[in-house]
Each structure stands twice: as structure tokens, then as C-alpha cells.
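Here the protein sequences come in this chain order: A and B. Each position in the first sequence, counted from 1, maps to that position plus 2 in our numbering. Each position in the second sequence, counted from 1, maps to that position plus 6 in our numbering.
Any given hint might turn out to be false.
Quick list of in silico lysine to aspartate or glutamate cross-link-like pairs, DMTMM-like style, CA-CA up to 20 Å [stated by the list, open to error]: (1) A:Lys179 to B:Asp175; (2) A:Lys179 to A:Glu142; (3) B:Lys194 to B:Asp452; (4) A:Lys179 to B:Asp430; (5) B:Lys194 to B:Asp9; (6) A:Lys179 to A:Glu136; (7) B:Lys194 to B:Asp498; (8) A:Lys179 to B:Glu12; (9) A:Lys179 to A:Asp141; (10) A:Lys179 to A:Glu130; (11) B:Lys194 to B:Asp211; (12) A:Lys179 to B:Glu20; (13) B:Lys194 to B:Glu226; (14) B:Lys194 to A:Glu11.
Have a look at the derived ranges for each label pair, beta carbon to beta carbon [as the list claims (entries may be wrong)]: (15) B:Asp305 to A:Ser129: 55 to 63 Å; (16) B:Glu12 to A:Asp141: 52 to 60 Å; (17) B:Arg414 to A:Gly74: 15 to 23 Å; (18) A:Arg164 to B:Arg30: 56 to 64 Å; (19) A:Ser12 to B:Gly488: 53 to 61 Å; (20) A:Ala133 to B:Ala371: 49 to 57 Å; (21) A:Arg24 to B:Glu212: 41 to 49 Å.
Simulated from the structure, these hints should not be mistaken for lab results. Even for Gly, the Cβ is constructed at its ideal location relative to N, Cα and C.
The lines below spell out each chain.
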Amino acid sequence: MPEPAIAAESVYRQVRARPADREHVVDVVSAAYDAHERALYAFALGITRSGTTAEDLVQESFLRLVREVQAGRAPDNVRAWLYRVCMNLATSRGRRASVATRYLPFLVSREVGETPEARHLRLELGSELSAALEALSQDERTGLLLSAGGFHGPEIAQIIGRTHGATRTMLTRARTKVQARLAEGTDRRA
Amino acid sequence: MHDHREILELAAAELDFDLDGDERDRLAGALETCTLCRRQVAAMRATATVLRRPLDIGTPGRVRDMVIGAALGRRDRQVPGLRTLLAASLSILVVLGGTVAFIGMRGLGIMPAASPSASVPNQTAVAEPSPAASGPDATSVVPPSPTTNPAPGPAAALQPGDVAAMVTDGRLVIRTLPATGASSAIFKSRLYPGQRVVVLEGPVDEDGYHWYRVRLGDIEGWASAADRDGTPWLAGVRNGVVAFVVDEDDGTADSIHTIDADGATGESVLFADPTLWQYEQLTWAPDGRRLAFVATPADSPSATTEIFTIDADGSNLTQVTHNDVDDDSPAWSPDGIRLALRMAEIDPATPEDSSVVVTPVIGPAATVLGPGANPVWSPDGQQIAMTVTDGRSSYVWVQSPDGSGRRRVSDEPANPAPPSWSPDGLQLVVSYGGASLSPAGLSRIDVESGSITPLMGEPTSSPTWSIRGTIAFSATGTRAPGLFTIAPDGTDLRQILADRGFEAVAAWSPDGRSLILDDEHTGSPVTLLEADSGSFVELESPDGSATSAAWQPLLR
């Protein structure tokens, strides 16, 4: 985590221990937001490739955190909790999206062409790496993005709800697929 | 013998999981003995590093407002009094120290530009004793210069395609929308004094500001060109005159000339002083108001080079360094306040050893950064890249101008020549010489992580990164020598000038559209080359051969 995020996470831990009232809820959520919003947005953007969808996922994840804190259930490991919620929201949204695709001609898209956020992601990662990630399954991409977010293998297994062995196999396969795709690109240029 | 694929899978697993002892040994053994595995694993680790790099962009402030509004128990999107409540709730963060100072600013509708603050890179270098030589003289009085800060007049309209320079104190933010409201997210990267951006569109008038969409590296967003009173924050950058040295045969009657940007008209003598010999390494201040150069005082008993500056009209000669060793490679800080330079070691037995020094243009305090050569400021002025030799190989290092944060960027030996920064200061482009583990070529280095992305496998030299994003370099191999441009992702390789029998050292013009080619060591003719069309003109002075050219930036 970047230094400011570590500091904000430390504030989260301090304010989480205080008695629950409205001010307390605001403080806990503010600290969690400042600590994890950017990284969670990058994660959501990586999974969905859509700026507005990623924005919605981040907003919905934090709104669920608000409800948890209001109910006196502020998570211990708020970072892992937010990623898990965001991932689950993305998955259920993906299912809805596949149904909605059939009716796509009748719907008005909120995004025309490449959004600034998706363009930013593509440029920061490079077009070939971005394409290599896109070619992965959503589970594989999610695993790699959790790793990029700083989670260690066993934590990733816990977040995505798989066994240690299955997670290791999936991540290994995802990484070798990405490298193979990048190597193809290098060969094409040579 | 081992299975390369199995080793790659072990390396992949190691990125996320702890390997057992047997797996660790197999991986280490293969990496020790197998070049193919070593390269594949290095590439995989570099990919993981790139993926770990945090994005520069976050959600707009309205997301935060929505979340905090819900935490406050409000259901409406507009939350009255939210800013006050947020400021109070987050005040605890401020006392944790400077690293969290920005927390809570997003969504609070902060102004496009911060007020002048302690964060401004300023001439506050602390004098440090030089280990070997006296360095830039800490005791001599340097006459004050009238023009050390970019200070253009009233804001002139910018046009799409222009290069613009940040011309105020403090830092200028870039937003996702042309507005100051909560819908407009703020990029983490800020513009520092003197830093350049490319204008993409505008102006859009909103909230009392004139907004332009600008590009800084990979970031595209909106910045205001002036405050509400019209005081400029961004100024257009134009190509001014080209200054160059006209070299008399015996080297004792050099002069500095200027010629119009077309390379053909308006040549005139800018500066000639019989007490100085052998002018070289001309370099304009970022605001184009002063010119630094290297020369040898005729009365110097040691015949060593010193660094001087003159005003753009040739007046106000100022000697910046005063010592008995060679000083050269002057590099202006983007804000035009300081110079970085190379100072040779006093011991003639080790002439290749040298130090990098940062000195204010006005004032006596100089900071010796440590061993190194070829200093290059990052575009935001927060770091200096240099090459440092360990006796056998040369490596790229970076360091803050105040002397802190010195570190080696990459373990790959690089050519002992100036690296070139990307416009956003996140990467460097470097030529490699071809040591055993680093084949000759051109590579991009991520400054933070040190991960390397190869761009070319041919011997290259003098890469230079344009503000518009393109990298120009000379290919020096036998397959296709000449001057090339390439996109930072390794695509769009184009030869823009065929081989002319010498190595072309190139620098981009201030507007990023042309190149100036010059190599003092080979005596090649100074050439102005338009990158898109490939048309060029060679400078020919009736008074002698033209060398050491530099293109003046003009701010308006």
C-alpha cells in the first residue's frame, strides 16, 4: 500500500475501536475510503474495463461498508472485505450483463467508444499487456489483479473462495498465459 | 537438464505463494545455469511489477460524497455542510504527518492550483563541503540575474497541439472534468513550475476558469490556464532562435551565434569574449531568458572548463563555477532556478571519476550529490537522473536535488550518456552497451520499480523523449543505421533520417515537432530536422563550422 493509504488504514483501526454513533460511522468510512478507494477502483477497472461500471462497483462496495459499520460490524480486515464485496458485485453484475446483452440494441449505452478511464488503464499497462489481461477468464484476471493489489496467495484463495492448490494453479496458468501472449507480441515486432 | 515451462510455472507460483525447499532449489538452479529461463522469469517478474503500479486515477469526488452522505444517514446526493463535517472528521489524519496531507482533499472542491507553499521546489540547497575540489565557489558573489523565473505576461490563448509550460509557483492539478466540483476527480500527478504538457483541446469556460484538456504522459485531463484574474498558470511554448558556437580553426576566437528557427535566416553574433575559449554545451534556461555554456577562461592557470551564463541578448555574463577542475554538462532545473553539472575529480589519475553538483544560479550554496555524470532533471524537477560508474560499468541512478534519496534505478549496465525522462517523469529511456546480461539496445526503465522494457535489440545511442511522447534515437548498428523514432510501447518504429556516416545526437525542439542534431565529438554539421516530414537544413556559418547547438524555448 502507498504511505498515505497505510496512514489512513491506521486511522481506520483507531476509529473503529470507538463507540458507535453517527460521527463514528463517518470517521470509519472516511478512513477506509481514503485508504482503499484508489486501489479498489483500479481493481474494479481491471476486472470490468469500464470506467462507469468500476465507479458504480466502488460506490456500492463502500455503501455496503456503511451499512456494516452502522450495524456495528466494521470488518477487521476492511481491505480484504472490500475486495471480496467488489469482486462478488462484479460477478453478479456480469451475470446480469450477459442477460442484458440480448436486449442491447434496445438499451442506450452510457459509454460511447473507449472511456477516458479505460484509455488510461490501457496506456498505463501498455496495449499488449492490457490485451493479454483481457484474454484471460474473469477468475484468472481477478486473481492477477488481487495479486497486483498486494494480496498474497493464501489471502487471494480466501477472497475468491477457492482452495490454496486451486488458486495456485489458476494464478500460475494466468501468469504463463500473459507471458505467452506478450512474447507473441514481441515476436511480431522483431 | 530441466523443463523450461516447469521453471516458468515455479517462478509464477513464487510471485504469490511460498515455494517449498525443493521447488526453491530447482528454481534457483535453473536461473543460475539457464539464460532462457533467466530471461523468461525476468520478463514475468517485470510484468508483475507493472501490474502492481498504482493507477494515477481515482473515482470522482461525487462517489465519496455519496458514500459519506450515506454514512451521515442522508439519502440525497447533495449533502449540505458535508465539507465542514469531512474536514472535522479527517482532521485526525493531518496530525499523522505530511504523507497524509492530501487525504480528504478530494471531493472538497479544492482550487485548480494550490497556493504557494513549502512544497515549491526552491533554491534551498544546503551547502555541503566538496570532498575533492572546491566545487562551485561558495564564497564568490554571483551577480543577481534579473530573469530566473518564468514570468510571461498576460495569459495568451493556447491552441490544440501547443506545448504549454507551468509558469506559476506551487502545483497545478489536472482534473477529469473542466470544473472544480465534486464530479471532477483530481489526478495524483501534479504539474510543477516549468513542467510541460501538450494541449489537446480548449478552452472551456467553467467556474470562472479557462480550462484546457492537456496530456502529461499517460494522463489526459483538464487544467486551468490562468487564475480568475488572468494571471497565467500555463504559457504556450514556441521555438525561438537556435544558438550555436562558431568555431575558429585555432579555437581561441570562438563566438556564440543565433539563427532563426528556420535555420537559414537572421544569423547574428550573440556573444564573443576574448577572455574565454572553446565554448561548448550550450543550453537554454527553460524560460529561454538565459543561456548556459561551458568555456575555458583564457587566464586559467589550470586550463580547466567553467560554467557561465548570459542573458538572451548576450549581456550579463555570469561565471557560475570557480574552481581548478573541469566543470561541464550544465542542466537547468525546470523552474530555471538551479543548475546541475558535472564536476571532475581533482585527481588527474582518475579523470573518468566525477561528481554531480546542484547549484543555484543566484547565490552561493551548492550541493554535491555524489559521484556521477550526465545529470538530467526530471520534468517536475523533483529528481535528477545521472550515470554512475563502478570502475567497469556505468549504471543509471536517480537522486533528489537536495541530496536525499540516492539510489540505483536498475542493475543493467547502461551507456555512460544522459538518459532521457518520459514527460511524466515516471520512466527513463536508456541505451545499453551490450554487457553479457544486457544485450545492446534501447530500453524503457520504470523509475520506481526498476523494471525494464526492451524497445530495440540493435545498438543505439542518444535516445531523447519528446514531450509529445515519441522517442528519437540513433541506431548505430550495421543493419540499419540512422535516426529513428519509436513509440514508448515499442511500436511505430520509423527511420526519419538515413545514415550520414556519423552518430547523430538529437534533442527535441521546444515545441516537440523538430529535432536538432549535433555531435561535438564527430564534428558533424548541426542539422535541424522536422520529425514528421523528414525535411532538414544544415547550419552553415560563413564564419566557420557550427557546433553545439541549442534551441531556445519562448514562453508567451
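20 Å Cα cutoff - pair Lys194 of chain B, Asp498 of chain B: 29 Å, violated
Straight-line alpha-carbon gap Lys194 of chain B to Glu11 of chain A, limit 20 Å: 19 Å, holds
15 to 23 Å as the expected CB spacing between Gly74 of chain A and Arg414 of chain B, which holds or is violated: For Gly74 of chain A against Arg414 of chain B, whose Cβ atoms are near 50 Å apart, the range 15 to 23 Å is violated.
Arg24 of chain A versus Glu212 of chain B beta-carbon gap, inside 41 to 49 Å or not: The hint (41 to 49 Å, Cβ to Cβ) is violated, given that Arg24 of chain A and Glu212 of chain B are roughly 34 Å apart.
Outcome of range test on Cβ distance (Arg164 of chain A, Arg30 of chain B; 56 to 64 Å): With a Cβ separation near 24 Å, Arg164 of chain A and Arg30 of chain B fall outside 56 to 64 Å, so the hint is violated.
Hint consistency between Lys179 of chain A and Asp175 of chain B [alpha-carbon to alpha-carbon, up to 20 Å]: 48 Å, violated
Holds or violated: Lys194 of chain B to Asp211 of chain B, with C-alpha atoms at most 20 Å apart: Measuring from Cα to Cα gives roughly 23 Å; hence the hint is violated.
Restraint status (C-alpha distance of Lys194 of chain B to Asp9 of chain B at most 20 Å): Cα-Cα ~44 Å, so violated.
Pair hint outcome, Lys179 of chain A versus Glu20 of chain B [Cα-Cα no greater than 20 Å]: OK: Lys179 of chain A and Glu20 of chain B at ~16 Å, within 20 Å.
Hinted pair Lys179 of chain A and Glu130 of chain A, Cα distance within 20 Å: Given that 20 Å is the threshold and the Cα spacing comes to 13 Å, the pair holds.
Straight-line alpha-carbon gap Lys194 of chain B to Asp452 of chain B, limit 20 Å: This hinted pair holds, its Cα atoms lying about 17 Å apart.
Cβ separation of Glu12 of chain B and Asp141 of chain A, checked against the hinted range 52 to 60 Å: Check failed, 23 Å falls outside 52 to 60 Å.
Violated hints, listed in ascending order, are 1, 4, 5, 7, 11, 16, 17, 18 and 21; each of the other numbered hints is respected by the structure.
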